[in-house]
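Model the full assembly from the supplied sequences, consistent with the hints where possible.
Using our numbering, read the sequence shown as starting at 1 and increasing by one per residue.
It is worth saying that the hints were derived from the structure and are not from the lab. Incorrect hints may have been included.
[Stated by the list, open to error] Cβ pair distances, simulated, as ranges:
id: 1; residue 1: G120; residue 2: I34; range: 25 to 31 Å
id: 2; residue 1: G102; residue 2: E63; range: 17 to 23 Å
id: 3; residue 1: A51; residue 2: D114; range: 15 to 21 Å
id: 4; residue 1: S117; residue 2: T38; range: 20 to 26 Å
id: 5; residue 1: W59; residue 2: G32; range: 35 to 41 Å
id: 6; residue 1: G122; residue 2: G32; range: 20 to 26 Å
id: 7; residue 1: I34; residue 2: A58; range: 35 to 41 Å
id: 8; residue 1: N83; residue 2: K50; range: 20 to 26 Å
id: 9; residue 1: G120; residue 2: W59; range: 29 to 35 Å
Glycine residues also receive a C-beta, built at the ideal position from the N, C-alpha and C atoms.
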Amino acid sequence: MSSLSLTAALATALLPVSVAVATLPDTIAAPGEILVATVQAQGAQIYECKADAAGKLAWQFREPIATLFADGKTVGRHYAGPNWEMADGSTVTGKLAGRAPGATSKDIPLLKLDVSSRRGAGLLADVTTIQRLN
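Spelled out as structure tokens, the structure:
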């Protein structure tokens, strides 16, 4: 299960409990942001086999789908957009701003996303940055 930390000052960070913020690569760091919450994400990364520009078949990322948990309770979901939606109705959409390799070749990359749109007045209302750490 991955962790998701919501940082706001508005930033949202997807941070795993096992990753220390001080050890984050510069490409995904969010200096000056304020941590709002930490949640666990459990779900899948969906890929599909498509022809690339050269006509060769390759696996290509299509979308994420995950349930977000805090203290053992469902608090939201993560889905194509990419979007993060909390049970309070607040939702943010992210745009890739940085990436770093995961801890092993089997891990998905660590990501930093800037919030490109938002709706709702809940937890994510003032979020500006999302970090996905696994």
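Handout entry: I34 and G120 - C-beta distance against the hinted 25 to 31 Å
Key = violated, 19 Å
Problem - D114 and A51 - C-beta distance against the hinted 15 to 21 Å - result: violated, 31 Å
Exercise for the section: Using the beta carbons of W59 and G32, state whether their distance is inside 35 to 41 Å or not. Expected result: Given about 37 Å between the Cβ atoms, the range holds.
Exercise for the section: Determine whether the Cβ-Cβ distance between N83 and K50 falls within the hinted range of 20 to 26 Å. Expected result: Given a distance of about 23 Å, which is inside 20 to 26 Å, the answer is holds.
Exercise for the section: Starting from the hint 20 to 26 Å, judge whether the C-beta atoms of S117 and T38 obey it. Expected result: holds, 23 Å
Exercise for the section: With respect to the beta-carbon atoms only, verify the hint that G102 and E63 lie 17 to 23 Å apart. Expected result: holds, 19 Å
Practice task
Given the hint of 20 to 26 Å, check if G122 and G32 actually sit that far apart at their C-beta atoms.
Solution key: holds, 23 Å
Practice task
Hint says 29 to 35 Å; check whether the CB-CB distance for G120 and W59 agrees.
Solution key: holds, 34 Å
Practice task
Mind checking the hinted window 35 to 41 Å against the Cβ distance between I34 and A58?
Solution key: Once the Cβ atoms are compared, 40 Å apart, the range 35 to 41 Å for A58 and I34 holds.
When the structure is compared with the earlier hints, violations turn up for hints 1 and 3 and for no others.
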